[in-house]
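K.L.:
Put chain B on the given structure of chain A with help from the hints.
Below, each chain spelled out in residue letters.
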Amino acid sequence: MNSNFDRTLSSEDDVLRRRAGLLQRLHIDGILLLLLLILAAGSLFILYSASGKNVALLIKQASSFGIGLVGMFIIAQLEPRFMARWVPLAYLAGVGLLVAVDVMGHNAMGATRWINIPGVIRFQPSEFMKIIMPATIAWYLSGRSLPPRLKHICISLALILVPFVLILLQPDLGTSLLVIASGAFVLFMAGLQWRWILGAVTALVPVAVGMWFFVLREYQKQRVLTFLNPESDPLGSGWNIIQSKAAIGSGGVLGKGWLLGTQSHLDFLPESHTDFIIAVLAEEFGLVGVCLLLLMYVLLIARGLVITVQAQTLFGKLLAGALTMTFFVYVFVNIGMVSGLLPVVGVPLPFISYGGTSLITLLSGFGILMSIHTHRKWITQV
Amino acid sequence: MPQPIRLNDHDKDARLIRRRALVGAAVVFLLIGLLVARLYYLQVVQYEYHSTLSENNRVHVQPIPPTRGLIFDRNGVIVADNRPSFSLTLSRERAGDWEQVLDVIVEVLELSDDERALFEKRVRQGRRPFEPVPVLFELSEEQIARIAVNQFRLPGVEVAAQLVRHYPQGEHFAHSVGYVGRINEAELKGLDPVAYSGTHHIGKTGIERFYEAELHGEVGYEEVETNARGRVLRVLKRTDPLPGKDLRLTLDVRLQEAAEAALGGRRGAIVAIQPATGEVLAMVSQPSFDPNPFVTGISFKAYAELRDSIDRPLFNRVLRGLYPPGSTIKPMMAVAALDAGVITPSSRVFDPGFYQLPNVKHKYRNWNRSGDGWVNLEMAIMRSNDTYFYDLAHKMGIDRMHDYMTRFGLGQRVSLDMFEETSGLMPSRDWKRARYRQPWYPGETLILGIGQGYMQTTPLQLAQAATLMASRGKWIRPHLAKSIEGQPPVDSEPLPDIQLHDTKYWDYARFGMEQVMHGPRGTARKVGDSAVYRIAGKSGTAQVVAIKQGEKYDRSKVQERHRDHALFVAFAPVENPQIVVAVMVENGESGSGVAAPVVKQVMDAWLLDDGGQLKAEYAPPLNAEVSRR
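Protein chains in written order, with the numbering used here: chain A, 14 to 395; chain B, 83 to 711.
Warning: the hint list may mix true and false statements.
With a straight-line cut-off of 25 angstroms between C-alpha atoms, the simulated DMTMM-like cross-links for lysine to aspartate or glutamate are [said to hold, decoys possible]:
hint, chain 1, residue 1, chain 2, residue 2
1, B, Lys514, B, Glu460
2, B, Lys286, B, Glu339
3, B, Lys327, B, Glu294
4, B, Lys286, B, Glu202
5, B, Lys271, A, Glu231
6, B, Lys608, B, Glu460
7, A, Lys66, B, Glu181
8, A, Lys234, B, Asp274
9, A, Lys66, B, Glu175
10, A, Lys164, B, Asp93
11, B, Lys271, A, Glu284
12, A, Lys164, B, Asp95
What the hints contain is simulated information worked out from the structure, not anything from laboratory work.
Just chain A, with the same shape it has in the complex (with noise of 0.2 angstroms):
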C-alpha cells in the first residue's frame, strides 16, 4: 500500500518538475490554450466570410473573445474548493436570477430570457446556469460514496429539474436540454448503473410524448415536424434546413473557397452567422475544413477526458467529466441539426458561432477546468 502510494506520487512529481513553468504558475493549461486560440483566429476567419465582411461584427467577437479569455484566466487562478464552498449559494442565486427572468424578463425574438438593467447589465442567468448546473451536482455526489445510491440519485434529478423547467418556460428548448445534460452526465460520471441509464432512455419515450402535447411551443412543434420532413414546407420553416444542406453538400471535399460560398453570400442560408455558420465552413472550405474544425474538437474534449482522470479530488473528476462532455454535446447537436441529422434547436457552434454569451460561458468551462489541472497538490498534502 505505502510503496504503491510512494511510486504514484514519485512518477507523478517527476512530470510536476519537468512542468513546472510560467504557464504552471499562472494555472493555465497549455495545451488547451493552444487549441482555444487556434479556434478563435479560425473563428474570426469564418465570421468574416458568414457575416458578409462585416468588421464591426468581427471586433465585437474579438472583443468578447478578449473578455472570455480573461475570464478564463481569472476563474482559473480560484482553487476548486473554493469553487466548491460557493457553489451552493451559485446555485440558489441562478434559480432566483431564472424565477426573476420568468416573471419580468426582457423580451428577445419571442422568448424571455435576458435580464437587463440597461446600462449596467444584461445578461442571460440561463447561460450561467450551463457551468452552476454540473458544478452543484458534482459538489452533491462528491459527498457521497460512489456509484450513487437511489436516494442520492432522485436528489440530483430534481436539483436539475428546478432550472430546466424554468429555462423551458422561457421557453428556451436549447439551452434548457443542455443544462439537463450537463447535470446528467455528472450522474454518469459518477458511475449511474447502466440500468438506471437504460431505464431513462426508455422512460424518455413517454416523457417526449408528453412534452409534445403539453409542453412544447407552436414554433418548437413546428421546427420538430420541419425536421422530419422539410419538404412539407419549403417556402416557411422548411427553408432553413434545405438551404443549409445544400451549402453543406455544394461545398463537396475541398470547398469552394474562403468568401467563395454562394449559398451564403446570396442570402440563401439564414442565420448565416449564427447558429449556421458551419454551414458556411462546410460550404467554403469543404469536408476537409469541417474536419480540421472537428479534429479541434476532439483534442479538446481528450484533453479534457484527461484532465478528468488526472484530477485529484472528486469534485474536480467529476465537474471537468461533465463539462468536457457537455461541450461535446454542443457540438455534436450543432453540427447534427446543421447538417439535419437533428431538429433545429437554438444551440450555437462553440467558438464559431457569433455569439458573446456563449462564448463567455464556455471559456469560463474552460477556466473550471485549467483550474481542476493545475491546483493539484502533491507534496504539501502528505
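P.N.:
What follows is chain B alone, placed relative to chain A:
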C-alpha cells in the same frame, strides 16, 4: 495509516471515473464518426445533387400567387375581375449591380427620375431572395418590345404576365367594393408571410378589405430550375394555388346607376335596402373616384388631387359621414313613446308655435312659427311638428330614449360586412358625464326628440332605422355580400328584434309616415302624389358643422356649403315594403323638397316596370289593401 479504507475508496472511485471517461471517449468518437459520415454523405456522395442545387442551376422554390376571387353584382354583372397585365420585374440577386440596371431601364423606356425613385423603393421592398419584384405595371406593346431588344443589358429583368385587379364599373362601386393596392410595409408585418409570398396586392377598403381572407385564396408553389441569368429552364415540382372565392354582392348595378343619376351631380349619399333580407341594393356616396389607379399605384399628384378636393371624393359618406338625423328620427321616437306608454295614438298636444319646459322661460320653437294647433300622433309625423316631439321627449326622458334608439341601431355599428363603418353617437347621461363631466340637462332631452343635439348618425344607420320601421322591428344587419362561393354570410352577433308591447304601434307610426307622402297636409305630398304606389317617408334637415378655417375657396361656395343637409328616409310599397331608401343631399336644405324626389326616383327604378307600372311581384296583397282602408 489511520484511514486505509478511505484511500481504498478513493482508488475505487478513480477507477470508476476512469472507466466512465473511457466510455465517454468511445461515445464521442462514435458520434463524431457519425457526423463525419453525415458530412461525407452530403459533401461527397450527394455532392452532385447539392452543387447542382446551389451552383450551376439554382433550383429554387417560387410561390405561385392564387387568383383573387371575382366580385359580381346581384345579377351576375362583373364588378371586380382580374385582367392579364404585363409588368416589368427585377430580381436583385440576378441583376448584380441592380441600381445600374434600373438606370438602363429608365434610359430604355425613357422614364422620369421620379419613376426611377419609385422603382428603387419597390425593389427595396422585395421580401425573398431571388424574388422578382414588379417595378412597372401595365407595360405597353412598345415597352415590351424595347425591353426585349435590350434584354442583354438587363440581367435579372423580366417581363412577367400577371393578373391585376380591374374594376370595370369604375366609380360606381369605389365606396362599397373598395379596391386592392400594393401591400405596404405595415401590412406586411401583420400578414402570414407564407400565404402572401407570391401576392403583391391586398384589399385596402370596402368589400375587398372585409372579405380579404375569402377573396385571397391559397398560395401554391413550384420548384424551378433556372440558369445563372435567372431564366427558368424547367419546373421540377408544382403545387397549384387555390383560387380565392367568388363573391356575389347584394348591390344591383342598374339601381346603383339610377341612384347616382337621381342625385344629379349633387354631393350626397344614398342607401337602398331590401327590408325582408337586409340586402343593400344600392350604396352611393357622391362624388366618387375611379379605384383602378389605386391598384397599380396612383401617382402622388393624382392622389393629392383626390385627397385635397373640397368635394372629398375619397370620403365614404354612407359609412363615415355623421349627421344629426333631424326629423327623420320622429317615427322611431313615436314608436318608442307608444311602447313606453307616455303617449297614445289619440293623445293631443296644443302647439302655439313653441314649447316651454315648466318654470323655464326659454322657448323651443316649432319650425312652423305660427303653430299647428291641437296635434295628435299622426298629425305630428305628417306635419313634422316639433312641439309635439319636444313634449314627447320630455315625457320619455333621456334614459328611455337612449334605450329605444339604441335598439334601432343608433350609436352602434349596424352593418355586417362593411369596412370602417363608424358607430355614430346616441348620447346618454353616462356618455355626457364621461365626455364633458357635466350632468344631463332637460333641454338637451327636448332637442334629441327632434333629432338634434349631440345625436350623430350615418346615412346607413338612418336607412337601417327606416328598415326596422318597414319590417316591424325584424333585425337583419344590412350587408353587401349576398353569397361567398354560394354561401351566404353569417351574422355572428345578431341584434335582437325590437319587440313592442303591441305590434299595432308600428302601424300608427307608419300611417303617420304614409301621411307625410299622401296626406292632405303632408310635407312631401308633392312627391307622394306623383307615385303610382304608396310610400311611407319622413324628411329631415341636418345642420352643417362649421367648415374648417383656413381653407381656400370662393365665397359663394362657402355660403352654399353652410346650408343644411337635406335628409329623407322612406319605404315602399307601404302594404308590402320592397325597398327602403335613405337619402342625404349635402347642403340640399329641404328634406321634402330636394331629398324626397331623389328617394322616389330610386324607388321607381326598383319598383316599376318598363311601362311605368308597379311590377306584378311587388303588388300589395289584395286583403291587406282592404283591411287597411
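K.L.:
Taking the hints in turn, state whether each one holds.
P.N.:
Consistency of the hints with the structure:
1. B/Lys514 <-> B/Glu460: violated, 33 angstroms
2. B/Lys286 <-> B/Glu339: Given pair B/Lys286, B/Glu339 holds - Cα atoms ~24 angstroms apart, limit 25 angstroms.
3. B/Lys327 <-> B/Glu294: holds, 10 angstroms
4. B/Lys286 <-> B/Glu202: holds, 23 angstroms
5. B/Lys271 <-> A/Glu231: holds, 19 angstroms
6. B/Lys608 <-> B/Glu460: Distance of about 18 angstroms is within 25 angstroms: holds.
7. A/Lys66 <-> B/Glu181: holds, 21 angstroms
8. A/Lys234 <-> B/Asp274: Judged against 25 angstroms, a Cα distance of about 18 angstroms means the pair holds.
9. A/Lys66 <-> B/Glu175: holds, 18 angstroms
10. A/Lys164 <-> B/Asp93: Roughly 24 angstroms between the alpha carbons, so the hint for A/Lys164 and B/Asp93 holds.
11. B/Lys271 <-> A/Glu284: holds, 20 angstroms
12. A/Lys164 <-> B/Asp95: holds, 19 angstroms
Consistency with the previously given hints fails for number 1 only.
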